[in-house]
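A.B. asks: Chain by chain, the residues:
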Amino acid sequence: MLVLGIDTSCDETAAALLLDGRDILSSVVASQAIHAEFGGVVPEHASRAHIRLIAPIVEKAIEDAGKEASDLEAVAVTSRPGLVGCLLVGASYAKALAYSLGIPLVGVDHIEAHVFAARLERPEMRLPAICLVASGGHTELILVKDWGRYTTLGRTRDDASGEAFDKVGKLLGLDYPAGPAIEKLARGGNPKAFDFPRAMMQRGNFDFSFSGLKTAVRYAVEDRGGRPEGQEFTDFLASFQEAVVDALVTKTMWAAAEAGVPTVALGGGVAANTHLRERLTEAAERAGLDVVIPARSLCTDNGAVVAAVGQALLDRGITSGLDLDVSASREDARAGREGTA
Amino acid sequence: MSASIVIGTASADETRELGGALGALLGAGDVVALRGELGAGKTVLAQGIAVALGFDGYVSSPTFVIVNEYRGLVDIHHVDLYRISDEAEIDDLGYRELFFGDGVALVEWAGRGSSFLPDDRVDVHIDSAGRERRIFTITASGPRSEVIVRGLEASQTTSEATSI
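If you read the sequences in order, they're chains A and B.
Residue numbers 1 to 341, in my numbering, belong to the letters of the first sequence in order.
Residue numbers 342 to 505, in my numbering, belong to the letters of the second sequence in order.
Calculated from the structure, these hints are not laboratory results.
From the three backbone atoms N, C-alpha and C, an ideal C-beta is built for every residue, glycine too.
Honestly, I wouldn't trust all of these hints.
A few chain B residues that don't get close to chain A, going by computed Cβ distances all over 12 Å [to be verified]: (1) Ala-351; (2) Ala-353; (3) Gly-361; (4) Gly-370; (5) Arg-376; (6) Ala-387; (7) Gln-388; (8) Ser-402; (9) Ala-429; (10) Leu-434; (11) Gly-435; (12) Asp-443; (13) Ser-482.
If the Cβ cut is set under 7 Å, some of the chain A residues that face chain B in the computed set are [stated by the list, open to error]: (14) Leu-83; (15) Gly-136; (16) Asp-158; (17) Lys-214; (18) Pro-228; (19) Glu-285; (20) Ala-287.
In silico negatives: residues of chain A with every beta carbon more than 10 Å from chain B [said to hold, decoys possible]: (21) Arg-48; (22) Gly-82; (23) Leu-101; (24) Ser-135; (25) Arg-155; (26) Thr-156; (27) Arg-157; (28) Asp-159; (29) Glu-163; (30) Asp-166; (31) Phe-206; (32) Arg-296; (33) Leu-314.
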């Protein structure tokens, strides 16, 4: 089955064609990230940019796959969570396309789509698994009992891990997005040079907190009268990155041990961080667990993972009507699919 | 004349308690505008407010997603304008529903969208005084917010928090 996946939940306009739930025929992502004086993207505002980009991005995805619109057999679109104005652009376009082609439409949860990066990376991966979804807006530990059956074991209580990178980058005068910049600048640094806090590190607690780390960085800079320079700056960034990655990896492994799963996996934009990928791989191998680290292009927002969730839902006979609603939060929209997602 | 009070807290827990005292006074249609630098405690105060409004779930930073929605005794719109660079963008957020609807709006980095906020609102400015201590300047800008700020003042004189 040929499924078009569309994501407009935040700053990227993305579309992809997925064949039979595993072969990515094309994937096109237009990032709206614009360097802004405030150290964040200008969401431009996102919904207007999505309106401008959605048709050309979908057309390019179809063209890149060597297909015609009439070849499509279903349309999957992110319907939650996200900015309602942004989600509406993707959902409205998807509805119109599905209606005009007479094919099914299915609404997809953005977080579930991040979980499916692992399935696209390794379709035969063993379940159950613990999946760490870490991005700019979310940081969650999810027990994947089966595809479509999840329990969220922990979440961030304040800042998401990607937000910690971006806000610390802002404090240090780095360009947005700060995640890749910090990773690059931290290379060769001593991760133990600065003692930054890891919050809520009690075994059995799977929640995260990165707000205290952000504040600790702020005071470390203020105490010195400015950010460190040279090798010390490299060490400073390496130590900060280590604090984030340490909390993420430690809790992922604790959750895996507690749940007794054979596999750990990664998803979300922060999963593009090399240090996180390496540390989780090492920890999992030491514990004798399988580890699934998806390609970076599957971790950051993309349409392929949306199509993959859509295919899985269609396989279970789940479709959405043309009255598909979008929602800023997950809980509201999930109620309608309780027990299945 | 508008009411203004200054309250100090010595820890994040005390800030959460202050949020609880403020939240207990809020109702449908109220808007709280939060200002303060990175790490000042805007989200922590919002956590206390949300609990007092009957929401027992996670209240995390909406910086990236811009709007978090919680369902308590009233709908709570937890908004963060950190990533907004141009006030015109707020128009696209559906601000009328957020700031002039039946819910309670908690707006972080409110300075980036002041002209879109209702005139009658509770303004909270947070200053840091050392690592843990925070100074909250809470100001009313109309009749409804004056009731809230006066109520908060009354509640604080009987509590542990230091009134300055």
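A.B. asks: Take the hints in turn and mark each one as holding or not.
C.D. replies: Okay, the hints, checked on the actual structure:
{"no.": "1", "hint": "Ala-351", "result": "holds, 15 Å"}
{"no.": "2", "hint": "Ala-353", "result": "violated, 8 Å"}
{"no.": "3", "hint": "Gly-361", "result": "holds, 16 Å"}
{"no.": "4", "hint": "Gly-370", "result": "holds, 19 Å"}
{"no.": "5", "hint": "Arg-376", "result": "holds, 14 Å"}
{"no.": "6", "hint": "Ala-387", "result": "violated, 10 Å"}
{"no.": "7", "hint": "Gln-388", "result": "violated, 8 Å"}
{"no.": "8", "hint": "Ser-402", "result": "violated, 5 Å"}
{"no.": "9", "hint": "Ala-429", "result": "violated, 8 Å"}
{"no.": "10", "hint": "Leu-434", "result": "violated, 7 Å"}
{"no.": "11", "hint": "Gly-435", "result": "violated, 6 Å"}
{"no.": "12", "hint": "Asp-443", "result": "holds, 16 Å"}
{"no.": "13", "hint": "Ser-482", "result": "holds, 25 Å"}
{"no.": "14", "hint": "Leu-83", "result": "holds, 6 Å"}
{"no.": "15", "hint": "Gly-136", "result": "holds, 4 Å"}
{"no.": "16", "hint": "Asp-158", "result": "holds, 6 Å"}
{"no.": "17", "hint": "Lys-214", "result": "holds, 6 Å"}
{"no.": "18", "hint": "Pro-228", "result": "violated, 18 Å"}
{"no.": "19", "hint": "Glu-285", "result": "violated, 31 Å"}
{"no.": "20", "hint": "Ala-287", "result": "violated, 28 Å"}
{"no.": "21", "hint": "Arg-48", "result": "violated, 6 Å"}
{"no.": "22", "hint": "Gly-82", "result": "violated, 7 Å"}
{"no.": "23", "hint": "Leu-101", "result": "holds, 29 Å"}
{"no.": "24", "hint": "Ser-135", "result": "violated, 8 Å"}
{"no.": "25", "hint": "Arg-155", "result": "violated, 5 Å"}
{"no.": "26", "hint": "Thr-156", "result": "violated, 5 Å"}
{"no.": "27", "hint": "Arg-157", "result": "violated, 6 Å"}
{"no.": "28", "hint": "Asp-159", "result": "violated, 5 Å"}
{"no.": "29", "hint": "Glu-163", "result": "violated, 5 Å"}
{"no.": "30", "hint": "Asp-166", "result": "violated, 8 Å"}
{"no.": "31", "hint": "Phe-206", "result": "holds, 12 Å"}
{"no.": "32", "hint": "Arg-296", "result": "holds, 19 Å"}
{"no.": "33", "hint": "Leu-314", "result": "holds, 27 Å"}
The structure does not agree with the numbered hints 2, 6, 7, 8, 9, 10, 11, 18, 19, 20, 21, 22, 24, 25, 26, 27, 28, 29 and 30 stated previously, though it agrees with the rest.
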